[in-house]
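J.: Listed here are the chains, written in short residue letters.
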Amino acid sequence: MNRMQDTMAVLRELGGVRGCAVITLDGLIVAKSLDASFRQDAVAALASFLMQNTERTLHENGMEPLTMLVLQANYARPSSCASTTPTWSC
Amino acid sequence: MQLIQRMRIWKELKRLEQRVREEPSPTSFVDLAQVHINLGECDKAVEVAEEGLALFPQSVELQQLRRFAHRSLLRNRIHELRERIAFGPNERLHNELAMILLELGDFAEARQVCEDCLRRFPEDPAARLALAQALLGNYYRDLASSEGAEAIRCLSQVLTREPDSLQARRLLAELLCRLGAPHAARPHLERLVDAGEEVAELQQMAGEADPDGCAEDVDRLLAAVESGEISLQQPRARRKPLGNDEGLGQIRDALARMVDSGSVTKAAYIRGSKAIARGAIRDGKDPFLRIVRSLAKSGQRFARRLDIGNFSKAVLEGPFGTICICSYGEVVAAIECTLGSDVDALLGQLQELVASSLLQRGGGQ
Numbered sequence: 045m046n047r048m049q050d051t052m053a054v055l056r057e058l059g060g061v062r063g064c065a066v067i068t069l070d071g072l073i074v075a076k077s078l079d080a081s082f083r084q085d086a087v088a089a090l091a092s093f094l095m096q097n098t099e100r101t102l103h104e105n106g107m108e109p110l111t112m113l114v115l116q117a118n119y120a121r122p123s124s125c126a127s128t129t130p131t132w133s134c
Numbered sequence: 448m449q450l451i452q453r454m455r456i457w458k459e460l461k462r463l464e465q466r467v468r469e470e471p472s473p474t475s476f477v478d479l480a481q482v483h484i485n486l487g488e489c490d491k492a493v494e495v496a497e498e499g500l501a502l503f504p505q506s507v508e509l510q511q512l513r514r515f516a517h518r519s520l521l522r523n524r525i526h527e528l529r530e531r532i533a534f535g536p537n538e539r540l541h542n543e544l545a546m547i548l549l550e551l552g553d554f555a556e557a558r559q560v561c562e563d564c565l566r567r568f569p570e571d572p573a574a575r576l577a578l579a580q581a582l583l584g585n586y587y588r589d590l591a592s593s594e595g596a597e598a599i600r601c602l603s604q605v606l607t608r609e610p611d612s613l614q615a616r617r618l619l620a621e622l623l624c625r626l627g628a629p630h631a632a633r634p635h636l637e638r639l640v641d642a643g644e645e646v647a648e649l650q651q652m653a654g655e656a657d658p659d660g661c662a663e664d665v666d667r668l669l670a671a672v673e674s675g676e677i678s679l680q681q682p683r684a685r686r687k688p689l690g691n692d693e694g695l696g697q698i699r700d701a702l703a704r705m706v707d708s709g710s711v712t713k714a715a716y717i718r719g720s721k722a723i724a725r726g727a728i729r730d731g732k733d734p735f736l737r738i739v740r741s742l743a744k745s746g747q748r749f750a751r752r753l754d755i756g757n758f759s760k761a762v763l764e765g766p767f768g769t770i771c772i773c774s775y776g777e778v779v780a781a782i783e784c785t786l787g788s789d790v791d792a793l794l795g796q797l798q799e800l801v802a803s804s805l806l807q808r809g810g811g812q
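These protein sequence lines are chains A and B, in that order. Just so you know, we're using my numbering here: the first sequence kicks off at 45 and counts up by one. Just so you know, we're using my numbering here: the second sequence kicks off at 448 and counts up by one.
These aren't lab readings, by the way, just hints derived from the structure by calculation. For glycine and all other residues, C-beta sits at the position ideal for the given N, C-alpha and C. Some clues are possibly wrong.
Okay, derived cross-link-like pairs now, EDC-like style, lysine to aspartate or glutamate, Cα gap no bigger than 20 Å in a straight line [claimed, not checked]: (1) B/K732 - A/E57; (2) B/K732 - A/D50; (3) B/K744 - B/D700.
Output of the computed footprint for chain B on chain A, the stretches with three or more beta carbons under 8 Å from beta carbons of chain B [to be verified]: (4) 63-75; (5) 78-90; (6) 94-101.
One chain only, chain A, in its complex shape:
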């Protein structure tokens, strides 16, 4: 857990990073370091929804699981890297 927190601390020091979290595919937060403007339960639920939905669509269409997903919106650029179970969002 300490290594995870250390990595997050390093990430938060990078310019423009407003938060990062390790979230399981079913929406449980393993570790987090988020700006006060984010609601952690909303971030977890939405990241889980997005990853599950994308994984399911890939699976239904006979494609392999994803390794990385980056979204871009007007005010933020959330990125997710996925291994078999945990999801990493920042």
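Fit chain B to the supplied structure of chain A, relying on the hints for placement.
T.: Just chain B, lined up with the frame of chain A:
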């Protein structure tokens, strides 16, 4: 609803109202209207959507939201009207209900309401006209000749009882013109002209119809439309604009250029339910198109709920390669490329494609 819950919603509403005033954008209006819809205040949601559309008239999201809120309002009214009809049926309530159902496109239900009204009030002219409109709606949707014939019979009945009903005469003239029966439509068009009605479009449709139609048989024409032998003429207002093909040609060229560049295997431009595709895409059910549609939709939902603005781009990587998506409103452009391609450059090209297509439509927000 509990007091604390009410206070939370009230606080959220105040925050969104302030955001609409301070940072007006289609998203802020959509968020506020969405809360009103969730509270069951569809009338307020319509007001907010209309305010937003006054500032951002091209916003597809606001247009969809206004349509949704308006339809929800109508559904509530249907419920209310049905309850009142159950207690004390009268022609006015039946007609209002039928007109709402027609507006919602529920022609089968509208027909049932009109028939019920005519059983109780056989002399009601408005119910007979609404019944004809429901039959016509059914006919234009399914093109079943029996329904077309029934619609013509019903409109003729309305005109027999009320020869001055311009609406019924126009509907009948339009149906005959679209079927390609200009001679049958002519007396109705003449009556409409005499009454000072604008019928230039119908006259043009009648003029475009087959000149050999002197011996026109409406029943035969209805059967030919049903079997697909001939097609119904479209009023000019509903035809595709001529400039559209040119715009589509440019999109096709841009997609083909991307595929020809080497690293891109599939490219697509999607607007609503339609797509233009280039590269190794088999058909409309290709997995690439499904994934792009799904990811664009969930990305939009994700960005809105997390309050980070409108979703614009996505990059999805896996053993299959890289999928890049660029989205604006209902327009999505996407490519699938091999791992290690210059993703930023490709996203730039997709953005250019989406922006230029919106400019050609005179769209954008």
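J.: Tell me the numbers of any earlier hints that the structure contravenes, in ascending order.
T.: As far as the earlier hints go, 1, 2, 3 and 4 are violated by this structure, in ascending order.
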